[in-house]
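Residues per chain, in single letters:
There are 2 protein chains.
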Amino acid sequence: MALSTQPYKGARDFYPEDKRLQNYLFAVMRYTVMLYGYQEYDAPILEPMELYKAKTGDEIVNEQTYNFTDRGGREVVIRPEMTPTVSRMVAARRQELGYPLRWFSIPNLWRYERPQRGRLREHWQLNVDLFGEAGIEADHEMIQVADSILKAFGATTDMYKIRLNSRTLVNDLFDSYLGLNQEKTSALTKLLDKMHKLEQSKFEAALTDICGDSSDKAKELLSAKTLNDLPEQLQSHAGASKLKQLLDLLEQSGIRNAEFDISLMRGFDYYTDIVFEVFDVDPENNRSMFGGGRYDGLVGLFGVDPVPTVGFGMGDVTLANFLGSHNLLPQLRSEVDATILVLGDFYQQANSLAQNLRSSGLNISLDATDRKLDKKIKNVDKQNVRHVIFVGENEAQSGEFKLKDLETGQETTGSAEALSRVIKDNLS
Amino acid sequence: MALSTQPYKGARDFYPEDKRLQNYLFAVMRYTVMLYGYQEYDAPILEPMELYKAKTGDEIVNEQTYNFTDRGGREVVIRPEMTPTVSRMVAARRQELGYPLRWFSIPNLWRYERPQRGRLREHWQLNVDLFGEAGIEADHEMIQVADSILKAFGATTDMYKIRLNSRTLVNDLFDSYLGLNQEKTSALTKLLDKMHKLEQSKFEAALTDICGDSSDKAKELLSAKTLNDLPEQLQSHAGASKLKQLLDLLEQSGIRNAEFDISLMRGFDYYTDIVFEVFDVDPENNRSMFGGGRYDGLVGLFGVDPVPTVGFGMGDVTLANFLGSHNLLPQLRSEVDATILVLGDFYQQANSLAQNLRSSGLNISLDATDRKLDKKIKNVDKQNVRHVIFVGENEAQSGEFKLKDLETGQETTGSAEALSRVIKDNLS
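As given, the protein sequences belong to chains A and B, one line each in that order.
Per the numbering used here: the first sequence = residues 1404 to 1831.
Per the numbering used here: the second sequence = residues 1404 to 1831.
It should be emphasised that the hints constitute simulated quantities derived from the structure, not laboratory data.
Certain hints may be false.
[Stated by the list, open to error] Capping the alpha-carbon separation at 25 Å, the derived lysine-lysine pairs in DSS-like fashion look like this:
id: 1; chain 1: B; residue 1: Lys1605; chain 2: A; residue 2: Lys1422
id: 2; chain 1: B; residue 1: Lys1456; chain 2: B; residue 2: Lys1564
id: 3; chain 1: B; residue 1: Lys1628; chain 2: B; residue 2: Lys1605
id: 4; chain 1: A; residue 1: Lys1456; chain 2: B; residue 2: Lys1412
id: 5; chain 1: B; residue 1: Lys1422; chain 2: B; residue 2: Lys1554
id: 6; chain 1: B; residue 1: Lys1564; chain 2: B; residue 2: Lys1554
id: 7; chain 1: A; residue 1: Lys1456; chain 2: A; residue 2: Lys1422
id: 8; chain 1: A; residue 1: Lys1775; chain 2: A; residue 2: Lys1827
id: 9; chain 1: A; residue 1: Lys1412; chain 2: B; residue 2: Lys1456
[Said to hold, decoys possible] Simulated restraints on C-beta separations:
id: 10; chain 1: A; residue 1: Asp1777; chain 2: B; residue 2: Glu1662; range: 38 to 44 Å
id: 11; chain 1: A; residue 1: Ser1763; chain 2: B; residue 2: Glu1814; range: 38 to 44 Å
id: 12; chain 1: B; residue 1: Arg1824; chain 2: A; residue 2: Arg1520; range: 29 to 35 Å
id: 13; chain 1: A; residue 1: Val1707; chain 2: B; residue 2: Asp1421; range: 55 to 61 Å
id: 14; chain 1: A; residue 1: Gly1812; chain 2: B; residue 2: Ser1691; range: 47 to 53 Å
id: 15; chain 1: B; residue 1: Asp1672; chain 2: A; residue 2: Arg1517; range: 35 to 41 Å
id: 16; chain 1: B; residue 1: Gly1703; chain 2: A; residue 2: Met1598; range: 34 to 40 Å
Since we're looking at a predicted model, the values are computed, not measured.
All C-beta atoms in this analysis are idealised placements derived from N, C-alpha and C, irrespective of residue type, glycine included.
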């Protein structure tokens, strides 16, 4: 029986046109975060199981990881996220590294879940982290970086909203204000995380179930649209003040589509203070795209002094959906600038022309097969290459070659140098 | 107990200085293969187990893969090599793709083996493949590409040798000429693969053991230094003629460090014709660096018409060892062009200066912590950043900022635009 040509379920093959798009997405991400002084790191895709048991949400470790025992008896995981890894790496060189430390990576991550729009088993995720800055400036910078990336892709502020919340504020709201115990707090957090996916009536029933006597207070809280809508006694809460300060800083730096959202939870256990999420406001695709926040506790889990940390992760699938639905995905052409067709026994001459053109920086492929000329030209077109150059007996003898621009139909005859100039002019 | 900060055994963490080097290696590879018209593809790191059972060497599948059963009961493998994957992808679109088809990828690959110099459990490997060209031109191009990559890294022809052999020639030598059956042929192939790692006496004993009566003939064969040293009756063998033709083409295109090597086997079962390997000639590091060859049979295993294919793989670890031992690894500096130190409550002004400088294309980081000035400067130096800019009360008021070049000690005071020019001049 013949082997299957399908990729592993929920993961993608990247044919050149797909890879070109991915390279474009990554290049824009890289360029932007590097403008902010972030430096790239990476790590093995396999990590010991313990790393995730420590602080990631239970659901991810127990139901969604790709884990197995290696031939040496070690329990290992194909990383489902990068945050535990980057914390491990910083902890390993806690004393040697200089702070503030700005790091980024674009790792592939694996989760075992039912593939659906925007959620695949393998995806890539830009991870941006700033270590060693405890002040609100770090939170501000992180949101500024996220915002700059979206703008670098051509997004405008009417396409997305940045929502902010504070873990410390929410904890006090649930605990002191609503009087919920730890178990109920955890249940409410999970409910709010799913809020936008639930029907209103189901959500309210679950809310009443969890909050009991405090249900009305909880509903009123959740109706708060701005920090000013919070109950009087909470206006001066440290978390509320920080959010106010952050919203002011964002406003001053030209970011006006940020707002307080009391229902914003973020799934992971490890966030300790301000959290944020970027939402697509397109009615067709109204959803959280990505987010992050402050997690000051992770590095310390490795037995070293803690390091204040703020970070976010931006997934490639969600991003591409966002750019696609807002018509922001570019048309990218083949990187091959010209293909030389060898007509007859002139491979050597064709190869030497190719080398000559390559030395001028052009990307040149070559067709030395004995297929018919029309088939060869059809193939150049199929591969979306703009120029074709013919090398046959006349050309081999004269050193003058015929170039055809398949886009305009224009033909030129000339030396390697002359053709190089024409191709570069056409492509510029 | 605190969590371990170690990466998984035999795999590497890439701190920014390591990642910078890897990015450099990949950039040179990418630039060079793209000059030859190759286009990048990629695929999931997990593949179904069947894919490797088909044609890869037994040892790799049975003893060296990372394989496990996923939560859905599928037997999967973390890819140990890319060739089966790329064959699968071409087979999936056999009819739609245009040929000759030039593809490359730089995947990470996993093998469970004892970590040692030049061999790690995770490594990256440039894979270059040319599909749909049956002629010797494809073999020639492949070697030309490999050679161009090494030269692009600054290698000169006295540092490495390119060794060539032919599978069809060797098969006939073992079968008709030495009279070995299939089992003995396979044993001899494995022995020759390990030849350079064995003591001469042990090698000869094993050779006698395998070849029996033909041992003297085998030894004589193995002493052949050029195609002309082969026995008369084999001079006109099709494999020998192809090798001669290839050596001529290489010579004509300026590649003079290629030679016939009858002992060159290449481990994988799937090679069908010419194979090649690039050897480091440094006496300290005398070893095979990478190689490839023709494998016309793989795409056809997926139930479609076969496609003639030539390819090679170049691993990052071996390459870096080669470049290191020949002093070809560059000193790469931090990508951060300047760090702004905020002195006092002037984050907003500092941030706006940073945004201004970034918009001119400079990579700017910012230190808004309340650490002491000397600590801040020490940190900039630690991160290998060349310029530091101070933003305190005077600067915030005047809009003129002080820049210090930590390399020369030179100081400049000026507007954002003036500083941007100075920094760019210094770095150019």
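So, going through the hints one by one against the coordinates:
Restraint check for lysine 1605 (chain B) and lysine 1422 (chain A): the C-alpha separation of about 49 Å exceeds 25 Å, so the hint is violated. Taken as a hint, the lysine 1456 (chain B) and lysine 1564 (chain B) pair is broken in the structure, with Cα atoms around 33 Å apart against an allowance of 25 Å. The hinted pair formed by lysine 1628 (chain B) and lysine 1605 (chain B) meets the criterion: a straight-line CA distance of about 22 Å does not exceed 25 Å. Distance restraint check for lysine 1456 (chain A) and lysine 1412 (chain B): the Cα-Cα separation of roughly 19 Å lies within the 25 Å cut-off, and the hinted pair is therefore satisfied.
Taken as a hint, the lysine 1422 (chain B) and lysine 1554 (chain B) pair is honoured in the structure, with Cα atoms around 22 Å apart against an allowance of 25 Å. This hinted pair checks out: lysine 1564 (chain B) and lysine 1554 (chain B) have alpha carbons roughly 13 Å apart, not beyond 25 Å. Simply put, lysine 1456 (chain A) and lysine 1422 (chain A) have alpha-carbon atoms about 34 Å apart, too far for the 25 Å limit, and the pair is violated. Of the pairs offered as hints, the one joining lysine 1775 (chain A) and lysine 1827 (chain A) is violated, with about 28 Å between alpha carbons and a cut-off of 25 Å exceeded.
For the hint linking lysine 1412 (chain A) to lysine 1456 (chain B), the alpha-carbon distance of about 19 Å falls within 25 Å, and the restraint holds. A hinted range of 38 to 44 Å for the beta carbons of aspartate 1777 (chain A) and glutamate 1662 (chain B) is consistent with their spacing of about 41 Å. Separated by about 42 Å at the C-beta atoms, serine 1763 (chain A) and glutamate 1814 (chain B) satisfy the suggested range of 38 to 44 Å. Our hint of 29 to 35 Å for arginine 1824 (chain B) and arginine 1520 (chain A) is violated, since their Cβ atoms are close to 48 Å apart.
Against the hinted window of 55 to 61 Å, the Cβ-Cβ separation of valine 1707 (chain A) and aspartate 1421 (chain B) comes to about 21 Å, which falls outside the hint. Distance hint for glycine 1812 (chain A) and serine 1691 (chain B): a CB-CB separation of about 49 Å, consistent with the stated range 47 to 53 Å. At roughly 38 Å, the beta-carbon separation of aspartate 1672 (chain B) and arginine 1517 (chain A) lies within the given 35 to 41 Å, and the hint holds. Between glycine 1703 (chain B) and methionine 1598 (chain A) the beta carbons are some 53 Å apart, a value that contradicts the proposed interval 34 to 40 Å.
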